[in-house]
Amino acid sequence: MEVHYRIRRPIALEARFHLRGFTVLLGQSGVGKTTLLKALAGLVPAQGTPFGGLPPERRPVGYLPQDLALFPHMTAWENVAFPLRGKDRRARALELLSRVGLQDHAHKRPGELSGGQRQRVALARALARKPELLLLDEPTSALDPLTKGQVLSELVDLLRREGLPALAVSHDPVLAGMADWLVVMGRGGILQEGPPEAVWAAPAKVEVARLLGYENLFPVRVREDGVEAGGVLLRLPLPPWARPGQRAWLGVRAAEVLVVRQDLPPPPENVLEGHLERLYPEGLAYRGLFQGPLALEILLPRHVQERLRLRPGQPLRVVLKPRYLHLMPGEAEE
Amino acid sequence: MRGVFAVLSILLALSLASAQGRVRAVAASDLQYALAEVAQAFERRNPGVRVELLFGSSGKLYTQLTQGLEADLFFSAERLYPELLEQKGLAEPKTRRPYALGRMAIWTHKDLGLEPGPAALKNPKVTQIALANPVHAPYGRAAVTLLERLGLLKRKDLTLPGSSKPFPLLSWEEIPWERLTGGVEAYWDAGPLRRGKPRFDFVYGENISQTAQLALTSTRVGLLALSLAVHESLSGPGRYWTAPLGSHMALEQDYVILKGRKRPEVLAFHAFVGSPEARAIFRRYGFLLPGE
Amino acid sequence: MDPLFWTALRLSLEVALWASALLLLLGLPLAWALAFHRFPGKPLVEAVFLLPLVLPPTVLGFYLLLFLGPEGPWTRLTGVSWAFRFEGLVFASILFSLPFALTAYREAFLGLDRNLLEVARTLGVPRWKVWARVVLPLVWPGLLSGTLLAFAHTLGEFGVVLMVGGSIPGKTQMVSIYLYDLVQALRFREAAEAASVLLLLSLAILAAARVLEAKGRAWRSTTA
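Chains as they are written, first to last, in this note's numbering: chain A, 1 to 334; chain B, 1001 to 1292; chain C, 2001 to 2224.
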């Protein structure tokens, strides 16, 4: 399915992208993700396909807003039965609830359910009107961080079982990892789309890289067999568009900045010498700041830190392996 | 800094001086125009003394005075309240005097095109008559007794609770007015006023000047104090008929100095109210004067 | 107790009942418009509806009397003067209780999560059903509490009804005026008895309004 929408208010934007299975639309807050979703649901005036010109009542979409908007005065089954008509609406609602695994909670009010359960009630309610497309606004925001991953994968599995295309907007890269198709949105329009691995490995622009969680992004100048940054030459295979002398952006993930032991002979290329400025635990890993010719954020898994026993202030040697370096076109405008 | 202090002390001295030259009188609202003129005359004769006036219904003012309302003199629309103040020791002994006798008027708006008088009240155009509430307003009691004397109201054959005599046998003074909360027509038959009219109501004002306001703006017929009816604000848009002496309950209006307020300027105003000059003003406003 | 007290109280209750019922009918669409629609001059319109809150009641009553009296525009328009009549009292009560009711209704509507309404639309449900099953069940505590406030306010209003009522026992003498007349007649003991009945009644109404408000807030907190 191809989406092409043009919106004037409250944010001016034009978005053209594909929907393939569980599609995640990633974008920073404020770029108009929610507005785009509402426009698809018919709640914000817009032009475009699909469903253009139909009032919300007649669009075959299921819309799950960020807060889910369950009716607080109705039980779970009454919520699900709300769009249904006919004598068997209760039975049909219960059947939908069991499809999302909530048959035992049919008589609870939304206030008595957990975030994930509420999300599934909202899903069952949206399914009740047999939508052709499901719209999810920040589906991770209502979830407990501890169970977020599990709840989301269950949700995505459920959507795949139902065979229902869905568009989820989010700024959470975790969700992007579960997508069948990933769309990245910036101010005013779409920046990149593709299978998630492809987008992930090769963000087309620095904004995309930033959204995908590249912690280290810096402007560089292209040289013959690499790039120059902070007075250091970093070797990497150049993409076809890169011409020597050109300005560009280089991105590397914190987890892919490798710390090497001082007592071993250094690798042949892309070695940076400096010191560790900060180090603090992040969950079971450690996040630190390397200060040398370049300032780099690093992320050490627990087993590495247990071996190296790094302390802030000590000298540090890091390596930037060419295959983990990602070059993107663009001037250093920021 | 010292300059500011000096100015402040002068201001303070001035305000003290003006407080000494101030007389504060509370008065029944039928005196609205007449007493204001008397006060002006007094101020002209006594430069430096200011008379402040506050008007309301006599009953309300009485209640407020018993609860500590600041005032030097009290002009009531009847004798009862100053007497009660005397009994409670809230008035200076031997300062209670009558200042006037109130008189009633039947006032009609010019728009009605009626000759003001008892006959006008029977006209089908008159569906509402404003009068002060007889439960507590002296002019309301006078109005009811006036209608009774004119044959427009007839007492119903009943005995009021707590009373030994049947109601029709009570004298005007014996009627327990403050208990007659059912409205005039609960106790009097208003047949002559109702006859030939689609509907008829007495409309009750909280005090006599509100009654005048009701008559002027809405009912267009009112049983008012003569002292108000003669004033241009009512005699302009309307006309009035003066009730004959003795045709209604006497409204002996007393005034009194309140306890501990016998300052020279208060005594001076008290005396001035009985002077020929003040009496002339009261007379002009349709009051009958004591001793006449 | 004086049977006339009960007459006056009954009259007050009748006026308050009529006024608050009509206020509900009139105030709902008005409050909805003020809560959710934007139109030019809206702050001015809102200010006009709040005016009775700050005008001295006797001033409001005086102009209402002129408006409803035999020479007034209302009489010229309809042919009937409503001064010193039940209808006039109801009319006046609606006017001076409007700010109370309107503010409460608007708060109730503003407390409504708009996402609920939007989602309800995307569920393909007709508008009347959204109103009946979502809007009303969520806002009724606020609506009822506002109506109760208006009711209690009408019961206690003095200045305006003194002006437009004319204190006709059994017809326009509302309980507040009756009480005032008792005090004027220096019948303090009976006045105190009557006042305590009125006080208890008003207290019960206000407490009920608060309970309803709390209920409305409870819905609100579970939607967030």
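Errors might be hidden in some of the hints.
[As the list claims (entries may be wrong)] The calculated PhoX-like cross-link candidates involving lysine-lysine, where the alpha carbons are at most 20 Å apart (straight line), are: (1) Lys1197(B) <-> Lys1088(B); (2) Lys1197(B) <-> Lys1125(B); (3) Lys1197(B) <-> Lys2171(C); (4) Lys1110(B) <-> Lys1094(B); (5) Lys1259(B) <-> Lys1060(B); (6) Lys1125(B) <-> Lys1259(B); (7) Lys1110(B) <-> Lys1122(B); (8) Lys108(A) <-> Lys2171(C); (9) Lys2129(C) <-> Lys87(A).
[Stated by the list, open to error] Residues on chain A that point at chain C, a partial pick, calculated with CB under 10 Å: (10) Ala41; (11) Arg125; (12) Arg129.
Treat the hints as calculated values from the structure; they're not laboratory data. Glycine included, C-beta positions come from ideal geometry on N, C-alpha and C.
Hints, one by one, checked against the model:
| no. | hint | verdict |
| --- | --- | --- |
| 1 | Lys1197(B) <-> Lys1088(B) | 48 Å, violated |
| 2 | Lys1197(B) <-> Lys1125(B) | 8 Å, holds |
| 3 | Lys1197(B) <-> Lys2171(C) | 18 Å, holds |
| 4 | Lys1110(B) <-> Lys1094(B) | 45 Å, violated |
| 5 | Lys1259(B) <-> Lys1060(B) | 19 Å, holds |
| 6 | Lys1125(B) <-> Lys1259(B) | 50 Å, violated |
| 7 | Lys1110(B) <-> Lys1122(B) | 16 Å, holds |
| 8 | Lys108(A) <-> Lys2171(C) | 53 Å, violated |
| 9 | Lys2129(C) <-> Lys87(A) | 16 Å, holds |
| 10 | Ala41 | 5 Å, holds |
| 11 | Arg125 | 7 Å, holds |
| 12 | Arg129 | 5 Å, holds |
The structure fails hints 1, 4, 6, 8 (numbered hints given earlier, in ascending order).
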